[in-house]
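S.K.: Protein chains in written order, with my numbering: chain A, 1 to 269; chain B, 1 to 286; chain C, 1 to 300; chain D, 1 to 251; chain E, 1 to 251.
FYI, nobody ran anything at the bench for these hints, they're computed from the structure. Glycine included, every Cβ here is placed at the ideal spot set by N, Cα and C. Be aware that one or more of the hints could be misleading.
What the hints assert, rightly or not - Covered, in the sense of this in silico footprint (three residues per stretch, anywhere, with C-beta under 8 Å from a C-beta of chain B), are these stretches of chain C:
no., segment
1, 58-69
2, 111-118
3, 193-199
4, 205-216
5, 223-230
Unchecked claim - Just a sample of chain B residues kept apart from chain A, beta carbon distances all over 10 Å, derived:
no., residue
6, 29
7, 38
8, 47
9, 66
10, 103
11, 165
12, 179
13, 184
14, 188
15, 214
16, 241
17, 247
18, 261
19, 267
20, 273
21, 274
As the list claims (entries may be wrong) - For lysine-lysine, the following DSSO-like pairs were computed, each having C-alpha atoms within a straight-line distance of at most 30 Å:
no., chain 1, residue 1, chain 2, residue 2
22, D, 240, D, 196
23, E, 118, C, 108
24, B, 4, E, 117
25, D, 185, D, 196
26, E, 117, B, 2
27, A, 260, B, 53
28, A, 83, A, 106
29, E, 118, B, 2
30, A, 266, A, 254
31, C, 50, A, 130
32, A, 88, C, 244
33, A, 202, A, 163
34, A, 200, B, 48
35, E, 143, C, 108
36, C, 50, A, 167
37, E, 167, E, 117
38, A, 167, C, 147
39, A, 220, A, 237
40, B, 8, C, 108
Residues per chain, in single letters:
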Amino acid sequence: GQKEESKNNNGSTDTPKQEELSGKITASGSSALLPLVKHAAAQFQDKHSGVTIDVAAGGSGTGLKQVAEGAVDIGNSDVEAGKEYEGKGLVDHQVAIAPFVLVTNKDVTVEDITSEQAGKILTGEISNWKEVGGKDQKITIIGRAESSGSRKYIKSALLPKDKDFAKDAVVQDSTGALKTSVEQTSGSIGYMDAPYADDKIKLLKLDGVEYSPENIFSGKWKLYSVEHMYTKGEPNKVSKAFLDYIMSEEFQTKEVEGLKFIPINKLKK
Amino acid sequence: MKTKLTDKLATGFFWLIGFLILGILSWFLWYILSAGVPHLTLDFIFGKPEEVKAGGGVGPMLFNSFYILALSLLFSLPFGIGAGIWLAEYAKKNWFTDLVRLSTEMLASVPSIVFGLFGSLLFVTWMGLGFTILGGALTLALLNLPVLVRVTEETLRAVPDSYREASLALGSTKWQMIRKVLIPTSLPGLVTGITLVAGRALGESAILIFTAGVSVSRFAPDFNLFASGETLSVHLWYIRSEALVPDAMSIAEGTAALLIIVVLILNLLIALPSRYLQRKAAGKSS
Amino acid sequence: MAAGKETVGGASSMRRRTDRMMHWLFVGSAIFVSLIIFGIILFVGNQGLKTFADPDAGVAEFFFSTNWAPSEGEYGAAGFIIGSFLVTGLALLLAVPIAVGGAVFMAKIAPSWMREIMRPAVDLFVGIPSVVYGLIGLLIFVPWFSKMFPGEPGFGVGPAAVILAIMILPTVLSVSEDALRTLPRSLEEASYALGATRWQTIRKVLLPAATPGILTGVILGMGRAIGEAMAVQMVIGNAPVLPKGLGEPTSVLTTQIVKEMASIFGTTVNNSLFLMSLILLLVSLSLILIIRLVARRREA
Amino acid sequence: MNEKIRVQGLDLYYGENQALYEIDLSVPEGSITAFIGPSGCGKSTLLRTLNRMNDLIPSVKITGSVLVDGENIYGAETDVVHLRKNVGMVFQRPNPFPMSIYDNIAYGPRIHGIRRKKDLDVIVERSLKQAALWDEAKDRLNKSALGLSGGQQQRLCIARLLAVEPKVLLMDEPTSALDPISTLKVEELTQELKEKYTIIIVTHNMQQAARISDTTAFFLNGVMVEHGETDKLFTNPSDKRTEDYITGRFG
Amino acid sequence: MNEKIRVQGLDLYYGENQALYEIDLSVPEGSITAFIGPSGCGKSTLLRTLNRMNDLIPSVKITGSVLVDGENIYGAETDVVHLRKNVGMVFQRPNPFPMSIYDNIAYGPRIHGIRRKKDLDVIVERSLKQAALWDEAKDRLNKSALGLSGGQQQRLCIARLLAVEPKVLLMDEPTSALDPISTLKVEELTQELKEKYTIIIVTHNMQQAARISDTTAFFLNGVMVEHGETDKLFTNPSDKRTEDYITGRFG
Ligand SMILES: Nc1ncnc2c1ncn2[C@@H]1O[C@H](COP(=O)(O)OP(=O)(O)OP(=O)(O)O)[C@@H](O)[C@H]1O
Ligand SMILES: Nc1ncnc2c1ncn2[C@@H]1O[C@H](COP(=O)(O)OP(=O)(O)OP(=O)(O)O)[C@@H](O)[C@H]1O
Ligand SMILES: [Mg+2]
Ligand SMILES: [Mg+2]
Ligand SMILES: O=P([O-])([O-])[O-]
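All chains should be built: construct the whole structure from the sequences, respecting the hints.
M.R.: This is how it looks when you write it as structure tokens:
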């Protein structure tokens with residue numbers, strides 16, 4: 001049965017008469033964007049039975065590298081491709097906005113910190129929760145690898161200029177693993193995009209503001225970043241259809257918010 | 001009688017170590033199996049993975065594990081056995097033989113992450129294949145090769161010379177001797193060795209993450225050599241960072257249990273019987 | 001009869017050709033297999049040494065500085081090298097006594113039924129995939145270390161060493177057992193005939209006589225431990241710093257390669273991964289050479 | 001009688017050590033020649049030069065020549081495989097393959113290109129009969145040859161050899177691992193085979209040499225001391241050393 | 001003379017196979033007893049029952065009793081380690097430990113609790129002298145024992161044994177791997193040791209048995225056929241089979 005199916009697939013790409021889309025797309029990169037892309041892929045595949053979409057995480061850096069090297073069709077990233085990608089023919093597609101949050105293990109008693117305190121904690125300058133009003137408990141930072149877009153974003157948003165994250169932080173290779181570690185490790189703090197946050201971990205207020213979609217729209221919550229999907233050159237037919245679907249009115253209005261992302265047009269940065 | 005007491009104590013101590021080793025193993029097995037086996041429904045074992053919802057299975061990964069294993073053996077067996085036969089039956093004692101032997105040993109000592117790096121650059125990037133079953137299997141074959149060479153050489157060497165003399169004295173060519181007498185006689189040993197290789201390849205992750213990728217084809221089973229092919233081991237590594245599906249932990253547990261069971265089956269069904277045959281053959285020929 | 005002879009003659013010239021062809025196929029296989037490693041060394045070495053083409057990355061810095069911050073042009077990999085040896089050393093420290101003890105037990109003490117149980121058990125240890133070990137480390141040993149050393153996250157060399165110790169246990173054990181079992185029976189008899197107890201015989205005669213073989217096992221185990229990537233990556237915490245405690249995050253060569261795999265081919269960071277691979281390769285190769293030396297001494 | 005084998009000025013070295021010195025020997029067609037001499041004198045070594053079995057030992061070096069049917073088998077264009085088909089060998093310890101009795105016998109014909117079951121059946125039966133094993137083996141042809149007794153195994157090896165129809169049979173102490181009854185059977189066999197084959201047999205047992213051979217060669221420390229008619233060599237040896245040996249003064 | 005060892009109704013099995021049948025034997029203190037008989041008759045097996053060396057072979061089963069100094073060594077409360085210290089053994093092939101000559105000799109005393117260097121020095125020198133090896137070894141005490149010749153190694157093994165001062169020496173073909181000169185030295189040694197030790201020696205060499213032993217036991221197929229004074233047994237055996245054997249009619 002399988003053979004026939006794939007034959008049909010080939011046939012359909014060869015004969016333009018048929019409208020049905022078919023082919024395979026691979027995407028990798030940002031784990032922050034992963035929930036959105038996976039969801040979109042599932043929906044898209046339901047609509048087009050001839051299309052296969054493989055989505056993997058690995059960090060924004062991985063996505064950019066792999067799309068630039070041609071290992072995947074689409075590279076997902078939380079941040080804009082940097083200088084090293086100039087001249088590689090990457091085409092940017094901005095698809096959504098991801099809110100970011102600071103999270104801690106549930107045994108942390110602190111509820112609220114200032115942006116400045118957050119910066120000091122993440123750089124290692126503050127290493128005990130009692131310094132920010134909590135109990136006497138060592139702070140364990142759980143962070144992401146250099147290749148992570150989340151890391152780059154948080155660094156630019158919260159860290160003092162020219163300072164980097166504390167080097168002795170635990171490093172996890174994706175947002176999911178980071179969340180599990182924060183959940184497991186007492187006194188830990190980490191950063192990630194809101195779609196991952198659930199009730200197994202605790203969200204910190206920042207400068208007295210609680211994270212909520214309303215606070216984002218009202219401009220009180222400042223942590224969010226534009227999510228990109230890159231293709232090498234103009235996307236091929238299937239990839240284009242997929243990207244179009246994500247950008248479509250239908251998906252942006254119906255699905256994106258449900259996934260705790262923000263439609264790309266809703267906030268003018 | 002201090003020495004006698006010491007002797008008794010030492011004996012007790014060694015028994016303790018014996019039980020410790022068995023204890024660690026049983027604990028691991030129990031830990032993995034008791035956590036994982038409850039998840040092993042048919043839907044889980046043969047079902048398709050879910051991207052966002054709970055309740056996905058690992059069917060395609062299971063298939064890919066064996067498919068990639070089979071392909072990697074297909075690529076490595078001819079060369080591995082060929083080189084092993086050459087070392088056992090043709091090689092003279094000279095620098096070239098030493099070199100072949102040394103480089104085989106060296107190949108055996110290469111860390112698999114280095115193979116992974118090598119394979120990802122060669123197949124994924126340079127040849128532009130992307131993440132493919134083919135690239136994964138080819139890189140994995142590099143891991144198999146040296147073990148196959150050694151196993152082949154060792155089992156052939158264990159065949160008594162009298163069989164060789166008997167065959168040659170009847171006017172057989174060397175190849176006929178190898179094909180009709182040596183290989184059949186050493187088959188149980190070869191099978192044991194290949195099982196060993198297979199077990200290792202099934203468990204391999206470092207190589208495949210960077211060559212065969214961490215996602216599976218929508219179609220299962222997909223024999224397409226150019227599809228990406230996540231295997232069970234790789235899935236176990238990846239699912240840990242994949243907190244998207246709410247049941248990631250159960251999937252990890254189930255996958256680990258399934259892997260262990262596959263390894264157990266491989267050992268019970270192939271390695272043990274062939275080892276038994278091997279022992280029997282050795283008993284007879286001596 | 002004459003016809004029969006003819007077919008025999010025809011067949012014989014063909015099988016001679018087959019024979020020659022197979023010979024060359026075998027030689028070809030052997031050459032192919034031995035070329036691979038040189039291909040890898042050449043390729044990895046060549047790419048790795050390009051690291052130093054970047055003026056930011058000095059040889060001295062790479063090997064002697066522990067400051068790793070590629071974004072700031074700092075390429076000190078000494079921490080990873082130290083980490084690799086540290087984790088491996090700890091793993092050996094844990095594994096070798098148990099493995100050698102187990103080898104003595106299996107070779108000289110265990111009754112045959114016990115041996116029949118232990119042999120497949122030891123084989124099974126080898127069969128467990130390294131990611132499963134990683135998972136066990138993550139679920140059992142990381143929390144355990146974090147509990148043992150309050151304030152430490154539990155990710156670090158501690159759980160990594162424990163997991164590696166269990167992973168290399170079977171290697172060290174079976175090679176050592178082999179070495180003990182193949183000792184000539186006459187040594188044992190000589191000792192018993194002098195009124196020695198079993199423990200005296202084991203400690204004073206058998207273990208010293210089997211030392212080269214046991215050493216070979218230890219070195220093989222060391223090679224496995226230093227090259228393991230995925231299991232270690234899951235439990236070590238991956239911070240590019242020297243460890244401050246058993247449960248404090250750090251990195252080793254293999255995990256650093258995994259972590260920075262996302263860099264672009266041709267950049268200095270990426271080149272440095274090949275350099276780290278080269279170091280791993282060279283360490284593995286020198287271990288092989290050491291094993292050969294040990295073996296040669298044993299023959300002498 | 002025609003000359004079947006001629007050895008001329010043969011020196012053989014194992015690495016540095018010379019094992020054979022200047023051997024000159026002529027073996028007529030259709031005869032049985034016995035090699036005798038104390039252990040280590042080079043009997044087996046010489047025998048194995050006659051079908052180039054020594055090729056298997058890398059350290060062996062040979063000078064001089066061995067002619068079979070007038071052709072130097074150490075010549076450049078010798079086909080070793082063909083040579084060994086013509087000059088077959090039976091070893092000291094029976095070495096059946098771990099296959100059925102039938103497959104053991106059919107092994108040789110098969111590798112020489114005979115495939116048809118019918119032809120093979122004929123050959124197997126004939127060979128087993130020639131080797132006086134048919135009656136004992138005919139009901140268990142498909143059973144493993146390893147289940148045979150030592151004496152039966154040795155006759156099986158002879159049958160296996162006869163199946164490829166060699167011209168010369170080299171036998172290296174074929175009865176030393178056998179009981180007296182099996183030994184007798186093998187000895188009788190050589191007498192029957194002698195008409196069609198040229199046989200050279202190495203033996204430790206001087207009675208055996210006297211019983212079955214036409215000519216006997218006596219070796220000592222790699223030198224062929226004496227070669228002549230068996231009767232004469234045993235009753236009236238021309239060399240003092242031969243006499244000492246056959247009267248049991250050493251060895 | 002006192003009776004040192006008494007074997008009574010001893011049967012021994014290797015798994016299913018019986019290797020010794022109903023052995024009854026008495027060995028007086030301070031004598032040399034030789035065991036002779038064809039290969040496989042059970043000489044080594046019997047010797048090894050005398051210090052329970054057979055315990056090392058799991059399949060061995062023993063019935064009957066062996067008394068040393070009147071005590072059954074197969075009794076429940078026997079201390080095997082102590083027994084083996086009293087009843088020492090020298091093996092067919094010299095088996096020095098891979099250590100220095102000094103450490104080889106000192107091994108026994110050390111495991112029995114002697115630690116002081118001075119005491120050990122005395123023991124090493126005395127034992128080597130007793131074993132007639134002192135002159136050859138005194139300048140290389142710290143060299144590996146594996147560098148000694150076969151004959152020297154065997155004397156080293158004897159010296160090593162003497163260092164633990166056993167009462168009985170069991171020697172299993174101690175000279176079969178040695179050249180004639182070394183053999184002579186070991187034989188002379190037994191004569192000197194005989195005054196202080198009870199010696200049982202297995203030998204294939206009937207001349208040797210005749211030369212050095214006081215009494216000789218002849219074994220055949222696991223049965224002790226005859227045991228008596230050496231002179232009488234060799235000149236006037238009471239059993240036909242013994243006569244056949246010593247005159248070389250079989251074996
Ligand atoms: N493979 C070998 N390598 C080195 N030397 C060998 C080899 N085979 C035999 N020799 C030596 O060559 C000499 C002759 O050996 P050969 O086996 O021909 O003696 P033999 O007369 O057949 O003795 P036996 O009656 O014991 O079989 C001996 O000194 C032997 O040690
Ligand atoms: N470990 C063993 N397992 C089984 N059977 C054995 C074992 N050792 C010896 N035998 C058998 O017991 C019998 C007596 O052997 P033993 O070694 O005592 O003979 P021996 O008189 O010392 O012979 P030799 O002169 O050859 O040393 C033989 O049939 C032998 O095959
Ligand atoms: Mg011979
Ligand atoms: Mg014996
Ligand atoms: O979204 P990231 O995985 O790049 O942090």
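S.K.: Now tell me, hint by hint, if it's right for this structure.
M.R.: Going down the list of hints, with the structure as the test:
1. 58-69: Violated, because only 0 residues of the segment 58-69 of chain C bring their Cβ atoms closer than 8 Å to Cβ atoms of chain B.
2. 111-118: As far as the segment 111-118 of chain C goes, the hint holds, because 3 residues have Cβ atoms under 8 Å from chain B.
3. 193-199: Contact hint for the segment 193-199 of chain C vs chain B: holds, 3 residues under 8 Å.
4. 205-216: Per the Cβ count (0), the hint is violated.
5. 223-230: holds (count 6)
6. 29: 24 Å, holds
7. 38: 21 Å, holds
8. 47: 15 Å, holds
9. 66: About 16 Å separates residue 66 (chain B) from the closest Cβ of chain A, which puts it past 10 Å; holds.
10. 103: 30 Å, holds
11. 165: Check passes; 51 Å lies beyond 10 Å.
12. 179: Label holds. Min Cβ-Cβ 35 Å, cutoff 10 Å.
13. 184: 36 Å, holds
14. 188: Its Cβ never comes within 10 Å of chain A, the nearest being 36 Å, so this holds.
15. 214: Nearest chain A Cβ is 5 Å from residue 214 (chain B), so the label is violated.
16. 241: At roughly 4 Å from the nearest Cβ of chain A, residue 241 (chain B) sits no farther out than 10 Å, so the non-interface label is violated.
17. 247: 13 Å, holds
18. 261: 25 Å, holds
19. 267: Residue 267 (chain B) is indeed farther than 10 Å from all Cβ atoms of chain A, at 31 Å.
20. 273: 33 Å, holds
21. 274: 33 Å, holds
22. D:240 - D:196: 35 Å, violated
23. E:118 - C:108: 34 Å, violated
24. B:4 - E:117: This hinted pair holds, its Cα atoms lying about 23 Å apart.
25. D:185 - D:196: Holds, at roughly 18 Å.
26. E:117 - B:2: 21 Å, holds
27. A:260 - B:53: 16 Å, holds
28. A:83 - A:106: Violated, at about 40 Å.
29. E:118 - B:2: 23 Å, holds
30. A:266 - A:254: 13 Å, holds
31. C:50 - A:130: Violated, at about 47 Å.
32. A:88 - C:244: Violated, because 42 Å separates the two Cα atoms, which is more than 30 Å.
33. A:202 - A:163: The given pair, whose Cα atoms are some 26 Å apart, holds under the 30 Å limit.
34. A:200 - B:48: Between residue 200 (chain A) and residue 48 (chain B) the Cα gap is close to 27 Å, so the pair holds against 30 Å.
35. E:143 - C:108: 29 Å, holds
36. C:50 - A:167: Holds, at about 26 Å.
37. E:167 - E:117: 25 Å, holds
38. A:167 - C:147: With Cα atoms ~23 Å apart, residue 167 (chain A) and residue 147 (chain C) stay inside 30 Å; holds.
39. A:220 - A:237: Violated, because 40 Å separates the two Cα atoms, which is more than 30 Å.
40. B:8 - C:108: 14 Å, holds
The structure fails hints 1, 4, 15, 16, 22, 23, 28, 31, 32 and 39 (numbered hints given earlier, in ascending order).
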